[in-house]
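Since the structure of chain A is provided, determine the placement of chain B on it from the hints.
Chains as they are written, first to last, in our numbering: chain A, 1 to 202; chain B, 1001 to 1130.
It should be emphasised that the hints constitute simulated quantities derived from the structure, not laboratory data. Glycine residues also receive a C-beta, built at the ideal position from the N, C-alpha and C atoms. Hints are supplied without guarantee of correctness; some may be wrong.
[To be verified] Some chain B residues close to chain A (C-beta under 8 Å, calculated; not the full set): (1) L1055; (2) S1060; (3) I1062; (4) I1085; (5) A1086; (6) S1089; (7) R1092.
[Said to hold, decoys possible] Mimicking DSBU-like on lysine-lysine, the simulated pairs with C-alpha atoms at most 30 Å apart in a straight line are: (8) K1095(B) x K170(A); (9) K1095(B) x K1075(B); (10) K15(A) x K1088(B); (11) K1088(B) x K1075(B); (12) K170(A) x K1127(B); (13) K1075(B) x K167(A); (14) K170(A) x K1075(B); (15) K1072(B) x K167(A); (16) K202(A) x K1088(B); (17) K167(A) x K1046(B); (18) K170(A) x K1088(B); (19) K19(A) x K1088(B); (20) K1127(B) x K167(A); (21) K15(A) x K1095(B); (22) K1127(B) x K1069(B).
[Claimed, not checked] Label-pair distances were calculated between CB atoms; the ranges are: (23) K192(A) x D1013(B): 33 to 43 Å; (24) S36(A) x K1126(B): 30 to 40 Å; (25) L1016(B) x S146(A): 55 to 65 Å; (26) P176(A) x L1016(B): 48 to 58 Å; (27) K192(A) x E1073(B): 54 to 64 Å; (28) D1011(B) x M181(A): 22 to 32 Å; (29) S36(A) x P1012(B): 19 to 29 Å; (30) R81(A) x L1016(B): 14 to 24 Å; (31) G104(A) x G1130(B): 13 to 23 Å; (32) D174(A) x G1101(B): 12 to 22 Å; (33) T1070(B) x N118(A): 17 to 27 Å; (34) A1020(B) x R81(A): 22 to 32 Å.
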Amino acid sequence: MAVITISRQFGSGGKTLGKMIAEALGYTFADSDIVSMIANAANVSETWVENVEREAGGKLSRVISKMVNKSLVDKVLKSERGYIDEQIYLDYLVVMIAQIAEEGNVIILGRGSQYILNDHPDAYHILLVDEFENRVKFMMNHYDMSYNKASQTVKNEDKRRINLFRKIGKTDYDNPQLYHMVLNMARLELEKAQKLILQMIK
Amino acid sequence: MGKKILVVDDDPDVRLFTQAVLEENGFTPLMANNGEEGEQMVKRQKPDLIVLDILMPKESGIRLYRKLKTDKEFKDIPVVVLSGIAEKSFLRSQKVLTEFGGDPVPEPEAYMEKPVDGDVLAETIKKVIG
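Only chain A is shown next, with the shape it has when bound in the complex (with noise of 0.2 Å):
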């Protein structure tokens, strides 16, 4: 029954792997799915919530708030829809995590999983990190991306997980004392880590 939150430096490889552990061990993959469940509960698009998602904590997302208040939507609206901005989002990732973890047998990416889970008797907490380049080396391989749009997405990517936990009064998220195993990706193969990852959970 246990429980295994990736985090990592975007383009270190973190879905892949997650990917790759899930489909070893049987086990469910959540990334993806945690938006569907917020929206779901929230009953707002999954656009919706992708988008709160990557403004979070930023000061695009401060503004929108502003703009876009409960009231406006409710207007325009006009019916039992929902509504999510950044304090519900928050509310919403953290007891779906928790109940995501709660049924087991699964790897969580990201999302600030491994505070939420900090001191889950089942979780396993791993950090992947990598250097700026290969990321951004890894990103035009897997995802098919020119050098100037892999190179840019790093960066902003680097950006918003800075603020999703300047949100959440973190800072310590590169800190390997969080964690159980931290992965140099500059130093191993996806098949290498995946293998030192199946050793530590059984």
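Chain B alone, transformed into the frame defined by chain A:
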């Protein structure tokens, strides 16, 4: 008139079921569809107890719970959580939201996972409300 019990749940079947259970046991049920409506009802009606769902559109049960339990005027109104979310998950979420910068909140007076038996729900409410 029996004690006022506010039920906050977006599921009409749960509201209907809970209303029947409450009426059978001599309580006066008040109904709200979501957290936002629930909050307005709390302010207007000052219920003796709240039966609260967690996952609801607009204002979630989590937000309403945290608002009530940190409000001087309403913090002593007992809350029975009735949810599809496991109790352990709810309690973890409250601890984590406090760690993430929120105010500390106590545990609810009772927690029941759906589906719930009508007699058990009534007994729990009676026990909590005294």
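Verification of the supplied hints:
1. Checking L1055(B) against chain A by beta carbon gives a least distance of about 4 Å; that is within 8 Å, so the hint holds.
2. A cut of 8 Å between beta carbons decides the hint on S1060(B): the least distance to chain A is about 5 Å, and the hint holds.
3. Given hint, I1062(B) at the interface with chain A, holds; its Cβ is 4 Å from that chain's nearest Cβ, closer than 8 Å.
4. Residue-level restraint check for I1085(B) holds (minimum Cβ-Cβ distance to chain A is 6 Å; threshold 8 Å).
5. At a threshold of 8 Å, the smallest CB-CB gap from A1086(B) to chain A is about 5 Å, leaving the interface hint in force.
6. Given the 8 Å rule on beta carbons, the hint for S1089(B) holds: about 4 Å separates it from the nearest Cβ of chain A.
7. Evaluation of the R1092(B) hint against chain A yields a held restraint, the C-beta minimum of about 4 Å falling below 8 Å.
8. Between the alpha carbons of K1095(B) and K170(A) the distance comes to roughly 15 Å, so the proposed pair stays at or under 30 Å and holds.
9. Annotation: proposed proximity of K1095(B) to K1075(B) holds, straight-line Cα distance about 17 Å (limit 30 Å).
10. Note on K15(A) and K1088(B): the hinted pairing holds, with a Cα-Cα distance of about 28 Å set against a maximum of 30 Å.
11. Distance hint between K1088(B) and K1075(B) is fulfilled; the C-alpha atoms sit about 22 Å from each other, no more than 30 Å.
12. The suggested pairing of K170(A) with K1127(B) is violated, with an alpha-carbon distance near 41 Å, which exceeds 30 Å.
13. As the CA atoms of K1075(B) and K167(A) are separated by approximately 26 Å, the hinted pair is consistent with the 30 Å bound.
14. For the suggested pair K170(A) and K1075(B), the alpha carbons sit about 29 Å apart, so the restraint of at most 30 Å is met.
15. Only pairs whose Cα atoms come within 30 Å are accepted, and K1072(B) paired with K167(A) is accepted, the gap being roughly 27 Å.
16. For the given pair, K202(A) sits about 26 Å from K1088(B) by alpha-carbon distance, which is consistent with the 30 Å threshold.
17. About 34 Å separates the Cα atoms of K167(A) and K1046(B), which puts this hinted pair outside 30 Å; it is violated.
18. Restraint check for K170(A) and K1088(B): the C-alpha separation of about 24 Å stays at or below 30 Å, so the hint holds.
19. Distance hint between K19(A) and K1088(B) is fulfilled; the C-alpha atoms sit about 27 Å from each other, no more than 30 Å.
20. A C-alpha spacing of about 40 Å is found between K1127(B) and K167(A), which places the hinted pair above 30 Å, so the restraint is violated.
21. Between K15(A) and K1095(B), the direct Cα distance comes to roughly 28 Å. Compliance with the 30 Å bound is thereby established for this hinted pair.
22. Note on K1127(B) and K1069(B): the hinted pairing holds, with a Cα-Cα distance of about 20 Å set against a maximum of 30 Å.
23. Between K192(A) and D1013(B) the Cβ separation comes to about 52 Å, which falls outside the hinted range of 33 to 43 Å.
24. Take S36(A) and K1126(B): their Cβ atoms lie about 39 Å apart, and the range 30 to 40 Å holds.
25. Between L1016(B) and S146(A) the C-beta distance comes to about 57 Å, which sits within the given range of 55 to 65 Å.
26. Our hint of 48 to 58 Å for P176(A) and L1016(B) holds, since their Cβ atoms are close to 53 Å apart.
27. A hinted range of 54 to 64 Å for the beta carbons of K192(A) and E1073(B) is consistent with their spacing of about 59 Å.
28. A hinted range of 22 to 32 Å for the beta carbons of D1011(B) and M181(A) is inconsistent with their spacing of about 42 Å.
29. A hinted range of 19 to 29 Å for the beta carbons of S36(A) and P1012(B) is consistent with their spacing of about 23 Å.
30. Separation of R81(A) from L1016(B) is about 22 Å and conforms to the stated range, judged on CB atoms against 14 to 24 Å.
31. Between G104(A) and G1130(B) the CB atoms are about 38 Å apart, so this pair departs from the stated range of 13 to 23 Å.
32. The hint said 12 to 22 Å for the Cβ distance between D174(A) and G1101(B), and at roughly 20 Å that hint holds.
33. Distance hint for T1070(B) and N118(A): a CB-CB separation of about 23 Å, consistent with the stated range 17 to 27 Å.
34. Checked against the hint of 22 to 32 Å, the C-beta distance between A1020(B) and R81(A) comes to roughly 28 Å, which is consistent with it.
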